[in-house]
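Participant: Here's the letter readout for the chains.
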Amino acid sequence: MSSRRIVSNEKTVLDQDSHERNGATDTGKSNIAPAVPASVIIKLLGFTLAMMIGPLGIYYLSLNSLFKGNSTFAGATAAITANIVLIAYVVVAFKEDQSERLEASEAEKKKK
Amino acid sequence: MAETELAPKFAPFFGMGGIAFAMIFGCIGAAYGTSKSGIGIAGVGTFRPDLIMKSLIPVVMSGIIAVYSLVIAVLIAGDMGPPPGQSYSLFTGFLHLACGLSVGLTGLAAGYAIGVVGDMGVRSYMQQSRIFVGMVLILIFAEVLGLYGLIVALILNTKGRG
Chain A
1 MSSRRIVSNE
11 KTVLDQDSHE
21 RNGATDTGKS
31 NIAPAVPASV
41 IIKLLGFTLA
51 MMIGPLGIYY
61 LSLNSLFKGN
71 STFAGATAAI
81 TANIVLIAYV
91 VVAFKEDQSE
101 RLEASEAEKK
111 KK
Chain B
1 MAETELAPKF
11 APFFGMGGIA
21 FAMIFGCIGA
31 AYGTSKSGIG
41 IAGVGTFRPD
51 LIMKSLIPVV
61 MSGIIAVYSL
71 VIAVLIAGDM
81 GPPPGQSYSL
91 FTGFLHLACG
101 LSVGLTGLAA
111 GYAIGVVGDM
121 GVRSYMQQSR
131 IFVGMVLILI
141 FAEVLGLYGL
151 IVALILNTKG
161 RG
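Going down the list, the protein sequences come from chains A and B.
If you read the first sequence in our numbering, its first letter stands for residue 1, the second for the next number, and so on.
If you read the second sequence in our numbering, its first letter stands for residue 1, the second for the next number, and so on.
Isolated chain A, as found in the complex:
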């Protein structure tokens, strides 16, 4: 019998079902809210699109209509547009942070 394999009757980690291991599911509700709220994703998508389309779109729009073919001014306008997008992003990021902090403090007040 010395050559007999060791047979384990206990369940290993792999045999167990997942919900038995993680206690969150069997003790009531789990948090199923998305990790990143939709408003943030929309903001980021908006800035991505603004960064891609904004400067070049402004360049070609203003080239013939506003500056009558003077491409130097149109190029400068495109660069300014890119910077406006950047400033808008900084402002939005700042407000985002403040609103989150306000919500957190309000939630704490409600608990008390």
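FYI, nobody ran anything at the bench for these hints, they're computed from the structure.
Predicted model, so just to flag it, every value in this text is computed and none were measured.
Possibly wrong hints are sitting among the right ones.
Computed footprint of chain A on chain B, listed as stretches where at least three residues anywhere in the stretch have a Cβ under 8 Å from a Cβ of chain A [stated by the list, open to error]:
# : region
1 : 52-61
2 : 70-82
3 : 146-154
For lysine-lysine, the following DSS-like pairs were computed, each having C-alpha atoms within a straight-line distance of at most 30 Å [claimed, not checked]:
# : chain 1 : residue 1 : chain 2 : residue 2
4 : B       : Lys-159   : A       : Lys-68
5 : A       : Lys-95    : B       : Lys-36
6 : B       : Lys-36    : A       : Lys-43
Note that beta-carbon positions come from the ideal geometry of N, C-alpha and C, so glycine has one too.
Using the hints, position chain B against chain A.
Facilitator: Quick look at chain B alone, frame taken from chain A:
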């Protein structure tokens, strides 16, 4: 188009080089800035996910570096045309090369600075929130380096049409 002393056949080579250098160097700088500060954001985001939105500022700034290069490349490309219709002098070729190199290499410098400052600045911001204003200021100063290159390139580009 007859070949003259002022407009030899090889003159467009330098203009094309200007377009390529503007895009290549500018995008190398923007890519370095994006990736290096992206590493920092990935490090911060695991501990403080609420700071990600504010930490993305160096990434947006690197994007602007690429936009500068793109604007100059489009400008130079707009001034060029196939030979029979347009006489392209050697002066214009060198001018466009200078345009492309100035915006490309300043973009490389600015992107490098944004990458290093963005990485360390974002990591420090996780521990000390008051560093944010200083970080944004340093990033703006790094960004302005690329803007100077753009201004010089725009001024140079007007000389080619006179």
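Participant: Hints first: check each against the structure and report whether it holds.
Facilitator: Going down the list of hints, with the structure as the test:
1. 52-61: holds (count 6)
2. 70-82: holds (count 7)
3. 146-154: Holds: 3 residues of the region 146-154 of chain B have a Cβ under 8 Å from chain A.
4. B:Lys-159 to A:Lys-68: holds (18 Å)
5. A:Lys-95 to B:Lys-36: holds (26 Å)
6. B:Lys-36 to A:Lys-43: holds (23 Å)
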